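Colleague: Here's the letter readout for the chains.
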Amino acid sequence: MVNYIFDGSFDGLMTVVYEAYYSHQKPNDIFSEGNHQINFLGHDVYVSTDIDKSNKVQDAIETKISKEALRNIYYVYLSELESSYMLIYKYIRLGFKIGKKLDYFIQNDIVHEMTKLSQRVKHEAYKMIELIRFKEVKKGLFLAKIHPDYNVLPTIMPHFAERFQDQYFIIHDEKRNLSAVYDKKAWIITDIPLENISKVKDTKDYEILWKIYHKSIAIKERKNMKLQMQHMPKKYWDMLTEKQ
Amino acid sequence: MDLLEKIRILADAAKYDVSCSSSGSDRKNKNGGIGNASFYGICHSWSEDGRCISLLKILFTNICIYDCSYCVNRCTNDVERALFTSDELADITINFYRRNYIEGLFLSSAVYKSPDYTMELLIKTVKKLREEYNFNGYIHLKAIPGADVNLIRMAGLYADRMSVNIELPSERSLKLLAPQKTKESIIKPMSFIHNQLLEKSESKKLMRYTDKFVPAGQTTQLIIGATPESDRTILRLSENLYKHYDLKRVYYSAYIPVSNDSNISKVTSPPLLREHRLYQADWLLRYYNFKADELLTEEEPNFDISLDPKINWAMKNLNLFPVEINTADYNMLLKVPGIGLRAAKRIVKARKATHLSYDSLKKLGVVLKRAKYFITCNGKYYAECNIEADKIKGKLTSKNRILDGQLSIFDIDNSLSNLPIIV
Chain P
67 MVNYIFDGSF DGLMTVVYEA YYSHQKPNDI FSEGNHQINF LGHDVYVSTD IDKSNKVQDA
127 IETKISKEAL RNIYYVYLSE LESSYMLIYK YIRLGFKIGK KLDYFIQNDI VHEMTKLSQR
187 VKHEAYKMIE LIRFKEVKKG LFLAKIHPDY NVLPTIMPHF AERFQDQYFI IHDEKRNLSA
247 VYDKKAWIIT DIPLENISKV KDTKDYEILW KIYHKSIAIK ERKNMKLQMQ HMPKKYWDML
307 TEKQ
Chain R
302 MDLLEKIRIL ADAAKYDVSC SSSGSDRKNK NGGIGNASFY GICHSWSEDG RCISLLKILF
362 TNICIYDCSY CVNRCTNDVE RALFTSDELA DITINFYRRN YIEGLFLSSA VYKSPDYTME
422 LLIKTVKKLR EEYNFNGYIH LKAIPGADVN LIRMAGLYAD RMSVNIELPS ERSLKLLAPQ
482 KTKESIIKPM SFIHNQLLEK SESKKLMRYT DKFVPAGQTT QLIIGATPES DRTILRLSEN
542 LYKHYDLKRV YYSAYIPVSN DSNISKVTSP PLLREHRLYQ ADWLLRYYNF KADELLTEEE
602 PNFDISLDPK INWAMKNLNL FPVEINTADY NMLLKVPGIG LRAAKRIVKA RKATHLSYDS
662 LKKLGVVLKR AKYFITCNGK YYAECNIEAD KIKGKLTSKN RILDGQLSIF DIDNSLSNLP
722 IIV
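Chains as they are written, first to last, in my numbering: chain P, 67 to 310; chain R, 302 to 724.
None of these hints come from the bench; they were simulated from the model.
Check the hints yourself; a few may be wrong.
Under the rule of at most 25 Å between Cα atoms (straight-line distance), these lysine to aspartate or glutamate pairs were calculated in the DMTMM-like manner [said to hold, decoys possible]: (1) R/LYS501 / R/GLU472; (2) P/LYS267 / R/GLU432; (3) R/LYS331 / P/ASP249; (4) R/LYS653 / P/ASP118; (5) P/LYS277 / R/ASP512; (6) P/LYS205 / R/GLU625; (7) P/LYS251 / R/GLU432; (8) P/LYS281 / R/ASP605; (9) P/LYS201 / R/ASP660; (10) P/LYS270 / R/ASP388; (11) R/LYS425 / P/ASP175; (12) R/LYS501 / R/ASP512; (13) P/LYS281 / R/ASP630; (14) P/LYS163 / P/ASP232; (15) P/LYS281 / R/GLU625; (16) R/LYS428 / P/ASP232; (17) P/LYS166 / R/ASP691; (18) P/LYS133 / P/GLU146; (19) P/LYS286 / R/GLU432; (20) P/LYS205 / R/GLU349; (21) P/LYS167 / R/GLU433; (22) R/LYS650 / P/ASP118.
Which bits of chain P does chain R cover? Going by a derived footprint, with three or more residues having C-beta under 8 Å, they are [to be verified]: (23) 110-124; (24) 188-201.
Note that the coordinates shown come from a computational prediction; the quantities given were computed from them, not determined experimentally.
Glycine included, C-beta positions come from ideal geometry on N, C-alpha and C.
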């Protein structure tokens, strides 16, 4: 039995799957670098990321199981939960055994766990698409700050890049110190720190107009704060202009 | 008057329009412009009443020549009045959009000077957005009753969705409460939009490119509780609208007293629970293949407010139950209380892989609390009582269910006191 350790990247995880298959050494556990716990079962093997091997695994998942399965795996990976790596490995093994029908096995614990977790990550990505608020911090430059539980930044960028084609913008993940930057042509994610990020303000007056709008549109005879909170969880309120 | 005041007054005046959905259109962002539409719609915020805010829902003006007694903006009402300019509205829309506050604009208006004049003002605004700002986000436009059909057609070329509000569920009520509007002035634009949509879909078959005309279709709204129509009258009206005008949605708005007109039923608080039951029934019509006449009869024209309409129906048709989960067809699964669209689809899918056990149903999204009275799994009936209407009803209306079941979206203390008291 082996404990695999990888660099934490998605390609790294896929390389682990590749090695585990071709070395015929089943993993006891899989760790990302830095989160490795001393374990008396099995010995440690460090796997260095190999893009070719990763692509081979991804292609195999797509053709032998389904595109949907690969998407699920990616979303579960973005959960960043240490326990998700073994889950993904087991899911892929099961998938290679069962093939295209994998998703029919909703009753199976591994499939159920994967579906549940990927849905949780997708749900948060969707919440970000709804609730991100940009500020125009300089003429023509828009900035939004987020702190999602899961690492959803890469999944929401295509949406905003398509929508705001004519707008320079940055979405900054405060929790992971990552910034996604769009320059009207393409976007990248970088960990270069932004200056004065904590003090940024909107340079125009639309925030106050939005707050007035938000207040006026509510029907006071139907007041229902519980329902509001159900859709806009309190943990995101500090992102929301209308809740400041 | 400054912009702040205008927004305050004209958002407040627009709030009774229920619709805020931004779905049904997949308009693309063209030529490096701003915005696109998302087919399933996106909500961006929720107001303190818990309703979603997707579009900037606002009136162009609340200065009105009409005197409809149910309406807060009637000309004889003493309220603050305001009027936007097209430039102001377009600028606010774009700047809200850039900050991801909204998915687009829902522009409506009181009837200012004349229906045609008002319609022209709305068109001017959306034309500016589409052509000057290259805005491709969602636009929902109100068709002003009585406006010329050529204006409606022009508006439809810019809008993703249009709506004409029927408001009052019968002609009699309309005459009584809105004497300046006629049934024709409402139905005419509605059927015009419908015919245009039919024409477009025909010509699409012949031509590769046709102009977009309200790609997300049209909707309407009915006020609940201001006039004495029964649930059955309302639901049959909705069914006809879906069938004959191919509406995307009928919205129901619990009447909130805004004037003391003697023609209006006395409502002490908005009939929110009744509104909720109508929405549930509306869903049954559109997605669950129910018919209005199956749900309500002449003898019982109103819903039992303590049960959801699907359970209500199942109780009256207990001879069809229980159904066997492992063999029942999709349509029958849909009719089981506690099995929604998603659960039904998943059952059908999972059955292909293996035989389903009772315990696995929860994983598939079945709400066993309700479903167990109406199903068998591998021939076994799992509920603790016999399949008899009185017993099941007792279980399903117990206090617990009201507290943690479907009604929880309402303020618990108010859920039953909200029923309208019609004098």
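Colleague: Now, for every hint given, state plainly whether the structure supports it.
Modeller: How the hints compare with the structure:
no.: 1; hint: R/LYS501 / R/GLU472; in the structure: violated (31 Å)
no.: 2; hint: P/LYS267 / R/GLU432; in the structure: violated (31 Å)
no.: 3; hint: R/LYS331 / P/ASP249; in the structure: holds (17 Å)
no.: 4; hint: R/LYS653 / P/ASP118; in the structure: violated (36 Å)
no.: 5; hint: P/LYS277 / R/ASP512; in the structure: violated (37 Å)
no.: 6; hint: P/LYS205 / R/GLU625; in the structure: violated (64 Å)
no.: 7; hint: P/LYS251 / R/GLU432; in the structure: holds (23 Å)
no.: 8; hint: P/LYS281 / R/ASP605; in the structure: violated (35 Å)
no.: 9; hint: P/LYS201 / R/ASP660; in the structure: violated (49 Å)
no.: 10; hint: P/LYS270 / R/ASP388; in the structure: holds (17 Å)
no.: 11; hint: R/LYS425 / P/ASP175; in the structure: violated (58 Å)
no.: 12; hint: R/LYS501 / R/ASP512; in the structure: holds (8 Å)
no.: 13; hint: P/LYS281 / R/ASP630; in the structure: violated (48 Å)
no.: 14; hint: P/LYS163 / P/ASP232; in the structure: violated (47 Å)
no.: 15; hint: P/LYS281 / R/GLU625; in the structure: violated (50 Å)
no.: 16; hint: R/LYS428 / P/ASP232; in the structure: holds (19 Å)
no.: 17; hint: P/LYS166 / R/ASP691; in the structure: violated (46 Å)
no.: 18; hint: P/LYS133 / P/GLU146; in the structure: holds (21 Å)
no.: 19; hint: P/LYS286 / R/GLU432; in the structure: violated (37 Å)
no.: 20; hint: P/LYS205 / R/GLU349; in the structure: violated (32 Å)
no.: 21; hint: P/LYS167 / R/GLU433; in the structure: violated (51 Å)
no.: 22; hint: R/LYS650 / P/ASP118; in the structure: violated (35 Å)
no.: 23; hint: 110-124; in the structure: violated (count 0)
no.: 24; hint: 188-201; in the structure: holds (count 7)
Violated hints for the displayed structure, listed by number in ascending order: 1, 2, 4, 5, 6, 8, 9, 11, 13, 14, 15, 17, 19, 20, 21, 22, 23.
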